[in-house]
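Number of protein chains: 2
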Amino acid sequence: MELVFMIPLAGLAAVFYAAYLAWDVLRRDEGTPEMQDVASMIYEGAMAFLRRQYGTIAALSIVTAIAIGVIVGAVSEGVKDILASGGSVTYGDRQVSPWEEGGLTAVAFLVGALCSGLAGYIGMFIAVRSNSRTASAATRSLKEAITVSLRGGAVSGFLVVALSLIGVSSIFLIYSEVLGNPKSIAPFLIVGFGFGASFVALFAQLGGGIYTKAADVGADLVGKVEAGIPEDDPRNAAVVADLVGDNVGDCAGRGADLFESMSAENIGAMILGVSIYAVTGDLEWIVFPLVLRSFGILATIVGLASVPFFAREDGKQNAMTPLNNGYFIVSALSVIGLFVTTNVMLGDEWWRFFLCGVIGIATGIAFVYITQFYTSGSWRPVKEIAVASRTGPATNIIIGTAVGLETTAATAITISIALVASFAIGAEATISGDNGTISGFSTGVFGTAVATMGMLMSAAYVLSMDTFGPITDNAGGITEMSGAPESARHITDELDSVGNTTKALTKGYAVASAGLAAFLLFSAYLDKVKERLEIPLNDPLPIDLSDVDVFAGGLIGAMLVFVFSSLAIRAVGSAAGDIIEEVRRQFREDPGIMAGTSRPDYGRAVDITARASLRNMIAPGLLAVGLPIAVGLTFRYVREDNDGWLAVSGMLMIGTIVGIIMATFFNNVGGAWDNAKKYVESGQLKDDTGQVLGKGSEAHKAAVVGDTVGDPFKDTAGPSLHVLIKLLATITLVMAPLFIP
Amino acid sequence: MELVFMIPLAGLAAVFYAAYLAWDVLRRDEGTPEMQDVASMIYEGAMAFLRRQYGTIAALSIVTAIAIGVIVGAVSEGVKDILASGGSVTYGDRQVSPWEEGGLTAVAFLVGALCSGLAGYIGMFIAVRSNSRTASAATRSLKEAITVSLRGGAVSGFLVVALSLIGVSSIFLIYSEVLGNPKSIAPFLIVGFGFGASFVALFAQLGGGIYTKAADVGADLVGKVEAGIPEDDPRNAAVVADLVGDNVGDCAGRGADLFESMSAENIGAMILGVSIYAVTGDLEWIVFPLVLRSFGILATIVGLASVPFFAREDGKQNAMTPLNNGYFIVSALSVIGLFVTTNVMLGDEWWRFFLCGVIGIATGIAFVYITQFYTSGSWRPVKEIAVASRTGPATNIIIGTAVGLETTAATAITISIALVASFAIGAEATISGDNGTISGFSTGVFGTAVATMGMLMSAAYVLSMDTFGPITDNAGGITEMSGAPESARHITDELDSVGNTTKALTKGYAVASAGLAAFLLFSAYLDKVKERLEIPLNDPLPIDLSDVDVFAGGLIGAMLVFVFSSLAIRAVGSAAGDIIEEVRRQFREDPGIMAGTSRPDYGRAVDITARASLRNMIAPGLLAVGLPIAVGLTFRYVREDNDGWLAVSGMLMIGTIVGIIMATFFNNVGGAWDNAKKYVESGQLKDDTGQVLGKGSEAHKAAVVGDTVGDPFKDTAGPSLHVLIKLLATITLVMAPLFIP
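First to last, the protein sequences are chains R and W. According to the working numbering, numbering within the first sequence proceeds without interruption in unit steps and concludes at 754. According to the working numbering, numbering within the second sequence proceeds without interruption in unit steps and concludes at 754.
Bound-form chain R, shown alone (with noise of 0.2 Å):
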């Protein structure tokens, strides 16, 4: 147990240097008069969407922590003696009766959401303050408007990375060493704190996916399509909304699944550890995940201060090279990190788990390159749906779609490669102990679980990356909108353009990182099954795959993918056209906004955009929540016994896989589509003469049309989907003494 004191350090570095971060942030040059008044406005429209999402969110959490209190306690029996079965240690007395695994369960639900609403707060706080910032630095330098962007963004990114690690680890404390409860038991018992960042990322992002596309989707149309004006003209009542939603969208969403990925990862994999605690008595194998990441925290805090050394005084460079190269320290450091904890923590064969988070950590690498190739202009995807173009709005969208398809066979393979080298590789390692000797099965799971550790280290500092996308991005709208000169725009465009790449690249990253960590969550809901049926938990569940069950429990997970993604869709329509109605009115009242004689309402716009996300966010918040426990009862209750948990299997199973491939499909699709837009718009595109087709020719209004059909998928659809997957697993997880004779 020699590392486990790296935790409380690890926690605390992150937050002092995230308290740091913000100082300098807060600290800097607000801008001219003008820019501080567009920024306040965003700021404002920022702070009172999440007020008001997270209002909204704290009164379903309250609400769903009662239900689970009261459906686990007076379902369950109890915490059984899980590894009875398994190994043969021994306890003392303590027993957990239903209730209070209820209670408990409650408790971590509460404090999971907590954290993660916490971290989206604060994040979101520095984030709305730095754009104003980051406009101001950009009338100076390249180098000093990174400093500050990523910077503001690495506030979030850290305070997401601590606030699950001191929420998890504190939790796990708490319930083991002051209520008393076994270290073998605690693992299960904080499941709740998972499903309360869950629970927390869905709404956060399904609402803020909203929001921002809605508003953006809604300022285009009625702003450029209808009225004629340039994109963040001031005259256009949306375009505060626009701004305010990059936000709530990026950082405060993206923010909140990641949280989630972590948290449940971290849970996930101790509940995985307590089968191999069994029986080597080490608790090292369940705090494990917990001192890894501490590695990572500090990994990424080196990587992150290295950024500016790398960045050129006089801006000759391409704006990706610095955020690269602190990538790869972050990642090499990340190996030495690895090395050391697998080293000291597990056992003789440590090499065994050294190997799988290094496939891990690759695969990380691997997914910034796989999404570059596929939504970057420098290669054949984005290409060839800017040549579509040139036939019209139809071809861009029918090769913009079957690029979007294709892109799912990269993101399968590698995923696949790192689940099944690392399962292989971690099954070789035999654990001996006092209680006997664990090989195969349960370790082979271990290592998939240690690889999707070694993938999240980076975590911090990829969401950093995300951040700095909004934040450029407003930075970009305020320097439109308070008529700073050109040169700094120009900076600003810059910077906008690297921030999409780092957007889409953290999406990549998210897709890889939720589909290993449900792997791991797929894994302990069996493992959950198994103890409830008495089953021990490295023997195989007595089931068919070809049990009607399963199959149609499959079908209907598929199918929730399908309709979840066809709710988010829709709703980014509805909300977008009660913003075009309002924009509308205030062109129709006031003739003066047109003329530029008086200002638009945008505080109006930015609330109705905001009720409008927050109600079209419930539809399919509640189908992703309600319809695993309605599978689960309908097939207990109408079927058999055992068909309620054989259908959520199967519903889990297929579920996640094809979330994980919808996904991909319409995060690549989205950005491919929108930098096909700009291929166009750079002037790269020519006609079979040879004529340029740029902006405003008829190719380039087609690959408008694909740019706004990609918004929806790339930021609503997509980014939700990555939280169903996890949510999905959280929820049957929670929920499984329901599904469970």
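Heads up, a few of these hints could be off.
Same chains, same label: a pair holds when it works inside one copy or across any pair of copies.
[What the hints assert, rightly or not] Distance condition first, Cα-Cα at most 30 Å in a straight line; then the derived DSS-like pairs of lysine-lysine: (1) Lys196 <-> Lys699; (2) Lys156 <-> Lys691; (3) Lys237 <-> Lys708; (4) Lys691 <-> Lys714; (5) Lys714 <-> Lys237; (6) Lys329 <-> Lys708; (7) Lys708 <-> Lys196; (8) Lys156 <-> Lys196; (9) Lys237 <-> Lys156; (10) Lys699 <-> Lys714; (11) Lys691 <-> Lys237; (12) Lys714 <-> Lys156; (13) Lys396 <-> Lys237.
Hints are computed from structural coordinates only; laboratory data are not their basis.
Assemble the complex: chain R is given as a structure, and chain W must be docked to it using the hints.
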């Protein structure tokens, strides 16, 4: 065995009825010389493509048959006494050697391929001779036009069903009676027949689907969009290719698709019947599917003959009404046939299986209504897309996608209910015989098999309605190109719109039947695994659902569906490009074409389309055939022995489910976009002020974009996925010996 005489009786009845219909159609008036002129160009183009396509398929089939023979012969250890572990029946001395198994499978493959090809060829031959006769009839009355086109389509429908029944029965009879193999082994030996049918169907549907949409999209883009001439204008060199395309996609392609569904369902059900035969010793359980199919044929003959009686002489009715009435007659007679067959053949608890069959028939009817709801202009979904067209192509695509994703709910829930209910009812049956008693899993799966059979009893009727589609579409084109009177054009327009509905219905029906048939084949695959691993058929396989190989196989299975769709969609774009080039060249080189003084070279356009389609079908075809084998071999040899069949199980199960869901999405979204365009064209869409937004409006242009995007979705990717699902199942069933140690 009282009813076995029905099999040859119904087979011959179907063949004679088809011959009578063909004679009746061919003796009718061929129309004016202008009509005959156009029709003969279509006829020549279609036959040229078919010869070329079937030539390619034949070559591929022969290579594949040899490969199958060698692989199965060399790898297999021979068909073991498969029931040794499940019962104690003895089969005499007959033993099948590995090479014999390989040879018999290869021969069955070739026979299956041949029957499928023959059905497609003759059906097409009549269909392309019915179009001018329909056009001619349309100059006289709606009733006569319906009669001719439906009879022309029915030739194809009956031949497909008859050749499937005769093919499966004959090869079963020869392999068991003539070659002396035990009747319990013969069903396993004839799976090659199903694989052959799948193989032909894959290429027929892919090649046909690419051809039809490449010609359609190409003709539209170069004609309507570029040159500004109307649809079916004789100056467009691609117009004949477009008319040919309707036949090769909807007639030959869909015919091969349903031929495969029926053959696969028959063989799968016979394999499942073996485990009951082992207990009872009653051969009824094996031949039941063939007898039930025979009753379906008789019901269809009566139903089809009744259609003209429902058509009013004055034409004052919805042309869909007579077709719907005929379908209800077929369904009612099918219930009676089902009652007789189950009662006579399936022992004391026959009524349980009768109920299962009724569930299947009801599922078929349900899909007719579900498809209509989502793709017809009378309901909310299509209207919603039309309204979204008012704000441009982007919102049309966004809302269309949302609607398409939503349609998967009804499909998934209906198929799930049908599967689970028929399984539950079947599982209640207890069947006793000389060799013990069987209940639960085996009788449950047999119940789902009976449901599938019940649904497919009406296949010939549905297929007749489907082929009715291209015939009426062609009749419309012929009427237009030959300058026939306005009244005739009015009748063919109405028939064409009915044809669009029947084509959409057939796809819904084909998805549902593919889903049910694939579940049977999945069970059959696992039976084969159990047989080789010497696990009793009634026991579950000892594998963990969270097995990493199953999960990875599943990811790859889901990805296969996406990448296959991508290739199919892209193939359309690529082939369409070739056609556009050719039409442009003809316009450029002969200005007389546009002036209407010289005739374009239709034949060359047809030929280029054919070459391009066949070239483009190779990549997706090879992917579909090669990937399952590659996955099985990789996991078996790179991982461990048992991981081959495990990964293939995951791939098969999740590929099937994702295939059903994606096919539903593609078919329905395409149909909905198509009809949203028609809705706008019919003048039903209005703006906020009540002004009609009809043909030529911006909303109409937006709706056309959706329609064009939907074309390769609904006519290439979607239908090809039906075939992919079943191909996956048959290929893994035949190749199973490769993946199992």
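Hints versus structure:
When the C-alpha separation of lysine 196 and lysine 699 is checked against a cutoff of 30 Å, the pair qualifies neither within a copy, at 66 Å, nor between copies, at 67 Å. Taking the shortest alpha-carbon separations for lysine 156 and lysine 691, only the intra-copy value of 24 Å comes in at or below 30 Å, while the best inter-copy value is 56 Å. Taking the shortest Cα distances, lysine 237 and lysine 708 sit within 30 Å of each other both inside one copy (13 Å) and across copies (25 Å). Taking the shortest Cα distances, lysine 691 and lysine 714 sit within 30 Å of each other both inside one copy (12 Å) and across copies (24 Å).
Taking the shortest Cα distances, lysine 714 and lysine 237 sit within 30 Å of each other both inside one copy (12 Å) and across copies (19 Å). In the homo-oligomer, the alpha carbons of lysine 329 and lysine 708 lie at most 30 Å apart inside one protomer (26 Å), although the nearest pairing across protomers, at 53 Å, exceeds that limit. Within a single copy, lysine 708 and lysine 196 get their C-alpha atoms no closer than 63 Å, and across copies no closer than 71 Å, so neither meets the 30 Å cut-off. When the C-alpha separation of lysine 156 and lysine 196 is checked against a cutoff of 30 Å, the pair qualifies neither within a copy, at 49 Å, nor between copies, at 80 Å.
In this assembly of identical chains, lysine 237 and lysine 156 lie within 30 Å of each other by CA distance neither inside one copy nor across copies; the values are 32 Å within and 53 Å between. In this assembly of identical chains, the alpha carbons of lysine 699 and lysine 714 lie at most 30 Å apart whether taken from the same copy (15 Å) or from different copies (25 Å). When the C-alpha separation of lysine 691 and lysine 237 is checked against a cutoff of 30 Å, the pair qualifies both within a copy, at 16 Å, and between copies, at 29 Å. For the identical chains of this complex, lysine 714 and lysine 156 are neighbours neither inside a copy (35 Å) nor across copies (47 Å), given an alpha-carbon limit of 30 Å.
Taking the shortest alpha-carbon separations for lysine 396 and lysine 237, both the intra-copy value of 25 Å and the inter-copy value of 26 Å come in at or below 30 Å.
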